[in-house]
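Heads up: the protein sequence lines correspond to chains A and B, in order.
Sequential numbering of the first sequence, starting at 106, is according to the numbering used here.
Sequential numbering of the second sequence, starting at 455, is according to the numbering used here.
Hints in this document: simulated from the structure, not taken from any laboratory.
Possibly wrong hints are sitting among the right ones.
To be verified - Computed cross-link-like contacts, DSBU-like style, restricted to lysine-lysine with a CA-CA straight-line distance of at most 30 Å: (1) B/Lys-761 x B/Lys-742; (2) B/Lys-711 x B/Lys-459; (3) B/Lys-561 x B/Lys-528; (4) B/Lys-459 x A/Lys-199; (5) B/Lys-575 x A/Lys-186; (6) A/Lys-186 x B/Lys-580; (7) A/Lys-186 x B/Lys-711; (8) B/Lys-566 x A/Lys-199.
To be verified - Where chain B lies over chain A, by a calculated footprint (3+ residues, C-beta under 8 Å): (9) 118 to 126; (10) 321 to 331; (11) 340 to 346.
Backbone N, C-alpha and C define an ideal beta-carbon position, used for all residues, glycine too.
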Amino acid sequence: MRNIFLITFKETKTYFLSPMAYIVGGLFLGLTWFFFNTSIVPGDLNPITEANVRGYLDPTTLLFIIFSPLITMRLFSEEEKLGTLELLFTSPVKDIEIVIGKYLASAIILISIVLCTLFYVILIYLFSSPDLGPLLSAYFGITLYGLATLSVGLFASSLSGNQIVSAVVGTVLLLLLSFIDSLGAMLEGLPSTIFNQMALNYHFEDFTKGVIDMGNIVYYLSIAILFLFFTTLNLQIRRWK
Amino acid sequence: MIELKNITKYYGNFPAVTDISFKINRGEIVGLLGPNGAGKSTTMKMITGFMPPTSGELTIDGYDIVHESIEARKKIGYLPETVPLYTDMTVYSYIEYMGKLRGLNNKNIKSKADNVIEICKLGDYKNSLISKLSKGFRQRVGIAQAIIHEPEVLILDEPTIGIDPNQVVETRQLIRNLSGEHTLVLSSHILPEVSSICERVLIINEGEIAASDTIKNLSSLVSGKSKMEVDIIGSPQSIKTKLEKIEGVRSIDLWVKKSSNEYTTFSIESDISVDIRAEVSKTIIENKWGLLRLESMGMSLEDIFLKITTSE
Chain A
106 MRNIFLITFK ETKTYFLSPM AYIVGGLFLG LTWFFFNTSI VPGDLNPITE
156 ANVRGYLDPT TLLFIIFSPL ITMRLFSEEE KLGTLELLFT SPVKDIEIVI
206 GKYLASAIIL ISIVLCTLFY VILIYLFSSP DLGPLLSAYF GITLYGLATL
256 SVGLFASSLS GNQIVSAVVG TVLLLLLSFI DSLGAMLEGL PSTIFNQMAL
306 NYHFEDFTKG VIDMGNIVYY LSIAILFLFF TTLNLQIRRW K
Chain B
455 MIELKNITKY YGNFPAVTDI SFKINRGEIV GLLGPNGAGK STTMKMITGF
505 MPPTSGELTI DGYDIVHESI EARKKIGYLP ETVPLYTDMT VYSYIEYMGK
555 LRGLNNKNIK SKADNVIEIC KLGDYKNSLI SKLSKGFRQR VGIAQAIIHE
605 PEVLILDEPT IGIDPNQVVE TRQLIRNLSG EHTLVLSSHI LPEVSSICER
655 VLIINEGEIA ASDTIKNLSS LVSGKSKMEV DIIGSPQSIK TKLEKIEGVR
705 SIDLWVKKSS NEYTTFSIES DISVDIRAEV SKTIIENKWG LLRLESMGMS
755 LEDIFLKITT SE
């Protein structure tokens, strides 16, 4: 447990000291601000708007497909490049502790960025009175969604010593996971249901409607745990090579 | 302390190390020698638990490196060949982090960190970013992280590679000072380094142990004879005849240097079992020749190394 926190603390500190986290955070907030403007502030494009967060959180899920791998890309790729993986691997620390420690650090960064978007919620409250329920559930959902994508990104990072390659692989994996339901739409019966159920976005919709379904929570947590497991497995395979 | 039994390591289909076995006792200082690609780093990576052997058994103080890896790793301090540093950290925070990862608790981390910073003479650079340090200082930071938790076993892979001569001398001194407290395994292809630090040498060639002994024993093992050079003023032929009569002498070569035709250099080979130096000097004095130099030319590690790694 102590080792996990040690690694989380170190990685979080590195994030806050490096420009990358600020660039990613800044871009993320800029784009969500754009979504916020087009979905909530009445204008030419969208003359009638609703006072809820769904309008900007829906497209935000797509942002995670690009931004989560950008957050996680350095976690293993950089260690590989600097050779410091050798230090971690020869320290009395379990592989799973390394993986969880790094994952938690990326989660802290992602949650910090998501918390910044609460600014929009304050704006909504200033000008109208939205329902609290769907708002809370949508934020809960987007956090779960983000946590699942980070795990996939972390796995991608463990595959390569090149950060760019890791980011691209992560994004491709996430795209597959997001749009696998279009494959479901082409099929019928059970296969269709399976592909639909596998899709990242399929499980997000309920949250924006204020519905907290245990199945959806389990889905996102399973994705996160599965890819953390894959990451650990991959580290162990790399030792044997 | 370190025991390897029939260790083999394959990279894909390529055997990096084949069936090596050796034992290193507590407190020993052992040099791993071998040409590039011989399997030195691979052996060290297996000892430190970075990668498991394909087959064979490797234990550190009785703990199996694969099955009791965490316990075994606790006993080890390791400096890999490419010094692994988080370049965006300061020297102090890096050393502190590594110490904590190796299991030092928050209470004594500060005194331990200050201690290694003192040992490695890093005091002036404590708060510098590692990315700003020169290669020699980075090497010291690397050594500092390897010794902060006072490991029983210290593994240093090519610790003086790529740093300037002054820093090489300092780094060697630092390693020599450390050697008293740890079981030390050092790899190098710089032979004088090994001969000046290590008590025992393991020569690895093409993934196999080619020799394992003290430097002195290795030299007699390889040649079976010792060599000396003597500069003498006098008639070369009569000197040669007299010297050849000394017991133990096997052969004598002689040559005159062109720049000074006053003296002749004799290169004498003799049995390793007898020391003929006293007898040689006695003969010279009795015959009233002029003795300018008498030097024992014991085989250098280079000779041994070349002989072992090329003749087979």
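Unsatisfied constraints (hint numbers, rising)
Hints 1, 2, 7, 10 are the ones this structure does not satisfy, whereas the remaining hints hold.
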